[in-house]
Amino acid sequence: MESKKEAAEEKEQEVKEEFAEEKRDDYGSEGNEVVDFTLKKVDKITFGMLSPQIIRKMAAAKIVTPELYDKEGYPVDGGLMDIRLGVIDPGLRCKTCGGKLKECPGHFGYIDLARPVIHISFVSLVYTLLKSTCSECGRVLIPDEMVTKYMDELERVEKEQGIEARREHIHNIIASIKTISKCPHCGAKQKKITLEKPTTFIENDKRITPVDIRARLEKIPDKDCELFGINPSVARPEWAILTVLPIPPVTMRPSITLESGERSEDDLTHKLGDIVRINQRLFENLNAGAPEIIIEDLWDLLQYHITTFFDNKVAQLPPARHRSGQPLKTLAERISSKEGRIRHNLAGKRTNFSSRTVISPDLFIKINEVGVPMDVVMKLTVPVKVTEWNMNYLRKYIENGPKIYPGANYIVRPDGKKKKITDETKEQILEELEPGYVVERHVLDGDIALFNRQPSLHKMSMMSHHVRVLPYKTFRLNPAVCAPYNADFDGDEMNLHIPQTEEARAEAETLLQVQTQLISPRYGLSIIGCVQDAISGNYILTKELNLPRKEAISLLISAGITEVSGLPKKEVVSGREIFSTVLPKDFNFRGRDREGNEVVIEKGKLKSGVMDKNNLGEGSGLMLRNIHKIYGAEATINILGKIFMLGTLTLTRYGFSTGLADTDLPKDAREEIDRRMKEAEDEVKKMIKTYREGKLEAFPGRTVRESLELMILEKLNEARNLSGEIVLKHASLKSDTMKMVNSGARGTTLNLAQMAACVGQQAMRGKRIETGFTDRTLSYFKRDDLSPDSRGFIRHGFKEGLNPFEFFFMATTGRDSLMDTALRTPKSGYLYRRLANALQDLKVEYDYTVRDPSGKIIQFSYGEDRVDVSKSEGGRINVKTIIRDVIEGKS
Amino acid sequence: MVTKMSDVFKEYERKIPPKLIEEVKEALPPKTSRERVKKILEHVYQEWLSSWAEPGESVGLIAAESIGEPGTQMTLNTFHFAGVAEMNVTVGLPRIIEILDGRQKIKTPMMEIYLKKGYHQKEKVREVARQIKETKAGEIIKEFEINIAEMNLVIRIDEDEMKKLGLKPAELVKILKKGVRGIDLKTEKDRIIGKPSEKDAGINSLYKAKEKIRNAHIAGVKGITQVLPVKKGDEFVVVTAGTNLAEILKLEFVDTYRTKTNDIKETYAVLGIEAARQAIMDEVFKVIEDQGLNVDIRHIMLVADTMCFSGTVKGITRYGVVGEKASVLARASFETPIKHLVNASLIGEEDPLKSVVENVMINQPVPLGTGLPQLSVTLARTPKKTVKKKKTKGKAKK
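Line order of the protein sequences matches chains A and B.
Okay, so the first sequence: first residue is 1 according to this note's numbering, each after it adds one.
Okay, so the second sequence: first residue is 892 according to this note's numbering, each after it adds one.
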């Protein structure tokens, strides 16, 4: 017998055993030599049920009393907190293994149940077994030849389709057996058995006690068990009826001491107390020969307690509660759900050597650096093994101690003892320091650190940066890496981890650094690029700026570009020439900018076109991708960093501002817009009129009303777009708002039109707004008013201001979209979790097939052409460039 | 050296994927010399070789990330109107979820019916569309009347609709008789009179018969509730709401090669697993593209392949792909852990610890990427004695 928790427990047990065995192999069979490094791994885990024998054998104590502590507060022998089951109090020693708190893993105990009880998790198994085996002889209700036939089938199914298909097949077989009413082996007639949930079995209106059930299950021969998908060597059916109950170690149900000195016991201990108490009473009543009815009541109560001990969420039972009324959290609830053992503690781990704080931008650190505040840097440590060669400077760190930077916080002796460095211990530590010791020193400039922002949706959400120690209290990062982290600076926090082993550091440095993550495996383009000011800055620089040479050099130097010999030697240099100094001398590129002009870079000189989002932005344009391909990752982030700084500094030097005046329109433009609006509205009125007269023709597959709606929507959108065009025609291209729009840094022409002229139709679920009162949206309008105004068309612009009902409609759609976001996040999160769970084990094998861990082939070659997206250019091999290069004789 | 151009290509055909060869052929300027072509092909080959995904690459998780991450940016609950008169289609996140769930019934089934040559005049397309659309008896019946005194059902027919269909009352009765039982139907002028076939049947049976008649299939293809001819390029395509691939493909004017449905299970049932895989890829890609997002087709391909490689379409759910993993712990870590642990204990299931989660659980390196290489190192401890073999885990650099 056994429980799911015990399945987990046993798992651990077996892991331990296997560990022990393997160790024995290492130390034992090879003779007397002891190898001081043995890296062994757990090879497999076998699951099974616990038999009564095993439960007794693995138990360290028999529990006989529900009392926990004696008067002195010392655990009672034979009680639930018996110190043979492990210790949870500091100072005490475990009676079984002699370990102290944290050393002793805890040991199982057991109680003998006065009467057997059914294990709730196996009720359905017991039910099928009872129904499909003979109540007299215990055989399956089908003849022997059928048994062998089915067994062969099962074997075949498992081979071909795996273990789950086998389970399915067993299910089908059992379904057909259940209805047989005569035993083919002994001829006994089978009575009808029903299950009264959760745990009562009834045969012909008479209850079968767990004692009888157990007797019947015992009769089922091993051979027949297999037909039910039970492996009798690990799970005999009668073990599903508990006669002995294992008591989990105290270490897994520690009590907590409240401030008042009172002890508060764990939920499990409470439940176990109930079980032991009732069990005790049942024993006494049995011995005293109490009447059957009392015995049965107590038996049922014991069944209830044991059932809720395993699972407190059984459908037909009221959950066991605390005195306060909140339900107890028992074994099943401990394991399952997001906060359960598996997902919370086993599949998710916690780490030390980590830090979290608010982030803020810093243009002047490199893209692959992270600014770490002094407070953090003096708390987190890097372990360094002492050798003859680094002894001297490590000594200095120790001398500095934990309070002076750069110092050290701990040392670890070769025997593994950790010692804190304080003013008192300093002298002694310095004296005893020798090669082999480990010094946990402060984090220094240049150390590698992992940087992460949740939600970690893709692998670029966790990258490694080099530490740059900075003052103040926030983590600093280059704004260029905001895109992969999806970070902004409105109060976002991020996490920082310091890798602690050489392997981890090597991996972080070779595989996780920002430059290695430049090309997104999602679409094969650079995910890091210029953003915001950097784009508009470079746009202005390459489009219209001409600077005196001196000023240009000053700009370049301030952007950290010291190599300015590429700048032509003339009085006034163009912005393009300034920009070109950043590019590699032999870089050639052809592309297009947002206006459709060709961007030509020849021998590192920008000949034509402007630098805008198409070429600099993240996820678009091949310029960065090309630089990456030719000059490598390192060079790319250097160049990108320079471009970024150049753009931003251009703005800080030459000024950039957006204002209300940018949306000003000349009078005739205003009038034209008004006229167009009026026209559109008149037309809509006409449409409504034809509709009312019943003369409107419907679109195919639509009702007349739907058609009208569609026509109005189209008309109004057209009007809005038209006014947008007028705005664009009249808006000054010189305004900084337009520069932002044109460079792609921020904003769209639509935004501008909405500010200057007309916000447009507010749509909910693809329709005009129609909810609200009976036949109207607001009481301000007449009933059945289909006019644009009453259905959420906002004809004013933001600058002009919305009138009250327009404002209301805007708020309506605003709320709607807010809700949409709130509902979408968990939905997409669940989809993601499912995808990740289904696909996480797939990998490319050495033969370039994609397989799952059991070796089944998912794809014969990855993506049909084996190409890794992050090594491609937007998902493809760029044949055209190769042809051009060959023909132009460049390679 | 007299080598033909085709020989040059032939040499590389075995090496380079056909699609790349195609691309080269297309992009090649005319009159390129053979040597140059050879050089180009060699370069393409090298380039292709160097962009292979490396062994151990965790392509599965990358695919999951690539689809899951943009999921947060997709719209919910938006129906889509491309053009004025198109019909409602599920788009965005709900559609992706629907596809990956491997649902039996989808929310908005649709078909795109391509037509053979010779059917591309406006008139003919209209005619075709009319033929496809399902007509239910309710649409051509003006009125039902239950006469309690005589215990019969009087049906008045809409003669205009009948004419459109070219149907006579007698024929209608014939059709209805096939589909509806428990009532005797007779024509009487412009009416049809139905009497219950059992004598003492109550008003209830009349009512039931009425509903049955209303839903009886009269003409067209079952399941096609709406038709809409759409001009695509210079040909017409009939877009329908509701799908019935098997029946549509039987019609003689249908181009069976291009006609498709957006129902993956139906595609699987009618055209088989390869078609289903392609359908999943197409549909998912369409949605993502629609939302203006950029996800490489390879990721979608991998998801489609995981759903289809067993030979049937399986959803990414606890009943589908995830529920069929070999590892107990991997299954338990997803959903319903208790169930998986209990079942595993019954058969003494072994977890071979070959996939990711289990190894995370027991704090061991994960068998992906840098955790994959296993290095055998021979360590000579004491030179005199026999040399021992030790297995250690090695870190391999990419």
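There's no promise every hint is true.
[What the hints assert, rightly or not] Subject to a maximum C-alpha distance of 16 Å in a straight line, what follows is the list of computed EDC-like cross-link-like pairs (lysine to aspartate or glutamate):
{"id": "1", "chain 1": "A", "residue 1": "K44", "chain 2": "B", "residue 2": "E1241"}
{"id": "2", "chain 1": "A", "residue 1": "K880", "chain 2": "B", "residue 2": "E917"}
{"id": "3", "chain 1": "A", "residue 1": "K419", "chain 2": "A", "residue 2": "E432"}
{"id": "4", "chain 1": "B", "residue 1": "K906", "chain 2": "A", "residue 2": "D885"}
{"id": "5", "chain 1": "B", "residue 1": "K930", "chain 2": "A", "residue 2": "E432"}
{"id": "6", "chain 1": "B", "residue 1": "K1205", "chain 2": "B", "residue 2": "E989"}
{"id": "7", "chain 1": "B", "residue 1": "K1245", "chain 2": "A", "residue 2": "E888"}
{"id": "8", "chain 1": "B", "residue 1": "K1245", "chain 2": "A", "residue 2": "D865"}
{"id": "9", "chain 1": "A", "residue 1": "K880", "chain 2": "B", "residue 2": "E989"}
{"id": "10", "chain 1": "A", "residue 1": "K44", "chain 2": "B", "residue 2": "E1240"}
{"id": "11", "chain 1": "A", "residue 1": "K338", "chain 2": "B", "residue 2": "E1226"}
{"id": "12", "chain 1": "B", "residue 1": "K922", "chain 2": "A", "residue 2": "E432"}
{"id": "13", "chain 1": "B", "residue 1": "K930", "chain 2": "A", "residue 2": "D885"}
Don't read these hints as lab results, they were simulated from the structure.
**Asked** Has the given pair, K922/B with E432/A, been kept, meaning a C-alpha gap of at most 16 Å?
**Response** violated (80 Å)
**Asked** Given the hint that K419/A pairs with E432/A, does the C-alpha gap stay at or below 16 Å?
**Response** holds (12 Å)
**Prompt:** Quick one, are K1245/B and D865/A close enough, alpha carbons at most 16 Å?
**Reply:** violated (26 Å)
**Prompt:** Do the alpha carbons of K930/B and E432/A lie within 16 Å of each other, as the hint requires?
**Reply:** violated (67 Å)
**Prompt:** For the pair supplied as a hint, K930/B and D885/A, is the alpha-carbon distance within the 16 Å limit?
**Reply:** Holds, at roughly 11 Å.
**Item:** Restraint status (C-alpha distance of K44/A to E1240/B at most 16 Å)
**Value:** Answer holds: K44/A to E1240/B is near 10 Å, not above 16 Å.
**Prompt:** Between K338/A and E1226/B, does the CA-CA distance stay at or below 16 Å?
**Reply:** Holds - the C-alpha atoms of E1226/B and K338/A are around 9 Å apart, at most 16 Å.
**Prompt:** Regarding the pair K880/A and E917/B, is the alpha-carbon distance no greater than 16 Å?
**Reply:** holds (10 Å)
**Asked** Quick one, are K1205/B and E989/B close enough, alpha carbons at most 16 Å?
**Response** Satisfied, since the Cα-Cα distance of roughly 12 Å is no more than 16 Å.
**Asked** Between K1245/B and E888/A, does the CA-CA distance stay at or below 16 Å?
**Response** Not OK: K1245/B and E888/A at ~51 Å, beyond 16 Å, violated.
**Prompt:** Does K880/A pair with E989/B here, judged by a C-alpha cut-off of 16 Å?
**Reply:** violated (39 Å)
**Asked** Quick one, are K44/A and E1241/B close enough, alpha carbons at most 16 Å?
**Response** holds (7 Å)
The structure fails hints 4, 5, 7, 8, 9, 12 (numbered hints given earlier, in ascending order).
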